[in-house]
Amino acid sequence: MAVETIKAPVASRPDARHRTGKARWFILAAAVLVGLLILAPILIMVLNAFKSPSDYSQNGPLSWPHGLYFDGLKAFWERVNFPQKLWNSIFISGVVAIFGTLLSLLNAYAIGIGKIKGRLWVVTLFLLATMLPQEALIYPLFTMAQNVGLGNSPWSVIIIFTVIQSAFGTYLLASVLATFPKALLEAAALDGAGRWTVLWKVVFPIVRPTLSVLMIFFFIWTWNEFFIPLVMLTTNDTQTIPIALASLQGDRMMDAPTTNAGALISLVPALIFFLLFQRTLTRGVTAGSVK
Amino acid sequence: MTTQTLGKDAAAKQQTATPRPKRKAPHWVAYLPYLVPGLAAFVLVIGIPLVTNIMYSFQKWKGGMAPHTWVGLDNYQALLHDDAFWTSFRNSISMIVAMVIIPTIIGLLLASVLFDYLGKRFGSRTASVLRATYYLPQILPVAVAGVLWNWILNAQTGAVNEILRSLGVDNPPNWLGSPDTAMPSVMLVLVWVQIGYPVVIFMSALQRVDPELYEAAELDGAGWGRRFRAITLPQIKPETFVVVLTCTVAALKVFGPIYVLTRGGPEGSTLVPSYYSYLNFFDKSKVGYGAAIATVLTLVIVLVAVVILVVQARSERKEAEGH
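Chains as they are written, first to last, in the UniProt record's numbering: chain A, 1 to 291; chain B, 1 to 323.
Everything labelled a hint here was simulated from the structure, so no lab data went into it.
Possibly wrong hints are sitting among the right ones.
[Said to hold, decoys possible] Distance condition first, Cα-Cα at most 30 Å in a straight line; then the derived DSBU-like pairs of lysine-lysine: (1) B:K62 to A:K117; (2) A:K117 to A:K182; (3) A:K22 to A:K115; (4) B:K120 to A:K115; (5) A:K201 to B:K24; (6) B:K237 to B:K120; (7) A:K182 to A:K201; (8) A:K115 to A:K182; (9) A:K182 to B:K24; (10) B:K237 to B:K62; (11) A:K22 to B:K62; (12) B:K60 to B:K284.
[As the list claims (entries may be wrong)] Coverage of chain B stretches by chain A, computed from C-beta distances (three or more under 8 Å per stretch; other residues unrestricted): (13) 45–57; (14) 85–95; (15) 278–284.
All C-beta atoms in this analysis are idealised placements derived from N, C-alpha and C, irrespective of residue type, glycine included.
Produce the complete structure using the sequences and hints provided.
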């Protein structure tokens with residue numbers, strides 16, 4: 001192991017603390033190197049997003065840009081009508097996040113607190129649904145959407161993802177609510193609160209942190225979704241950011257700076273969202289991992 | 001119990017108890033209305049389409065207004081003799097290597113080093129900054145990651161080949177464009193995308209482990225390697241199963257990266273089942289055939305998931321007996 005190779009030169013000073021003292025820098029360097037390797041593609045993208053095409057072809061991808069060049073960004077922005085795509089993405093992801101969380105809460109209330117009969121089956125069903133490949137649903141969904149006049153409509157995507165996300169949300173929330181303190185429910189019942197009141201006045205305030213994690217997750221997951229929006233949103237004006245970016249591939253206007261500027265601007269919203277909710281997010285990933 | 005105290009809730013009472021006021025319905029019945037919207041939406045968006053898709057798989061249909069012809073198992077029989085179909089599932093194994101096996105192993109090592117080694121010597125801030133760095137590719141929309149890598153690996157203008165050429169390599173490989181290098185390139189991208197997920201899960205799992213275990217082992221003179229095998233691995237087994245299950249399902253379903261990077265090419269060398277089914281649905285207008293591929297894929301995923309869950313249950317039982 002790495003520690004062994006470092007040990008040799010300091011063998012003359014058999015001080016245990018000193019030995020780990022050197023090894024730890026070596027291991028830190030290795031961990032940082034892994035981090036840099038992971039960051040490298042993103043750094044290269046940022047480096048080349050504001051470089052003119054001639055600068056790129058002359059000096060290569062690793063050189064520092066000679067002056068800032070915004071035409072790539074401008075070309076991408078105008079070509080895909082970025083504000084419109086941004087709004088489409090925010091609208092679809094936002095509505096799905098709200099509706100999906102609400103539906104998860106209602107389902108989980110019946111399963112986790114109502115302890116309805118056959119709840120194990122319902123949860124298993126929902127869990128299985130999260131594993132289904134979307135290809136096994138897409139053609140019927142596509143046909144159904146067209147039959148009810150929702151072809152190429154953001155609402156078709158919203159409805160589909162609300163259900164898909166809430167399948168996971170129900171699974172997670174139901175297990176959270178199953179451990180809900182009984183005393184609180186009984187106290188509320190003694191006060192004469194009905195089920196609806198209990199849900200909003202007792203359960204909701206207590207599980208609000210979990211709900212906000214779910215909402216962030218639903219938002220990001222829907223934001224990043226590719227397959228269903230690709231099939232359902234067929235025209236330019238309804239597409240989301242990822243679809244717009246992907247559909248420009250192979251286009252002649254997509255030179256290196258334009259590609260990089262396009263990729264950069266497309267990940268900025270996700271990045272901002274990530275930084276804003278970093279804490280909540282890591283908590284959420286954890287919540288999902290514990291059975 | 002609740003039915004009595006909640007008796008004042010007139011609306012709910014009417015729904016559940018009025019038909020037979022004398023015999024009380026079990027208290028859970030009153031909660032059913034809360035499940036109705038969710039279940040109805042579930043049936044509409046997942047249940048009906050799933051069944052309809054299976055029906056399509058027994059038909060010949062070009063989509064749209066074209067006639068449906070019932071052909072029984074013909075589509076499935078054709079699949080058996082379709083090389084592209086078998087190739088696509090063989091490629092799924094490469095997807096599992098790139099999205100499950102490599103990230104899980106590297107993730108275990110990284111998480112353990114961050115938590116048990118660097119975190120203790122440089123403080124938890126260092127560890128969490130590194131963790132955030134590893135996790136960064138996970139938050140990129142998959143299309144963005146794909147477009148970025150597509151450019152980096154591009155034969156003519158890509159960053160990698162520009163660098164290689166400046167180093168004096170005359171004929172750098174066409175990474176995504178030649179059948180020999182396309183799959184390894186795609187796998188590299190997927191490892192890059194995937195690596196942060198196990199690191200984050202495993203690090204949070206390690207926080208659950210009693211620190212005294214590590215301290216006792218350290219006092220006994222166990223090095224990092226020993227602690228990794230004796231404490232880390234067994235303690236975070238539940239999370240390892242979760243990671244393996246979710247990543248395997250994701251690897252079998254993978255679509256976006258393939259669509260953006262290679263579209264299954266060149267010469268089908270990166271074709272995967274989901275993309276092959278998409279191709280039949282929307283490109284070749286062979287809806288029945290596409291539906292059959294999607295159905296087989298569904299069965300494979302459910303089967304693999306069940307196997308993993310059974311193995312997990314067994315290992316948990318063995319552990320319970322061992323103690």
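- Taking the numbered hints from earlier one at a time, note which ones the structure violates and give those numbers from smallest to largest. Failing hints, ascending: 1, 3, 4, 10, 11 and 14.
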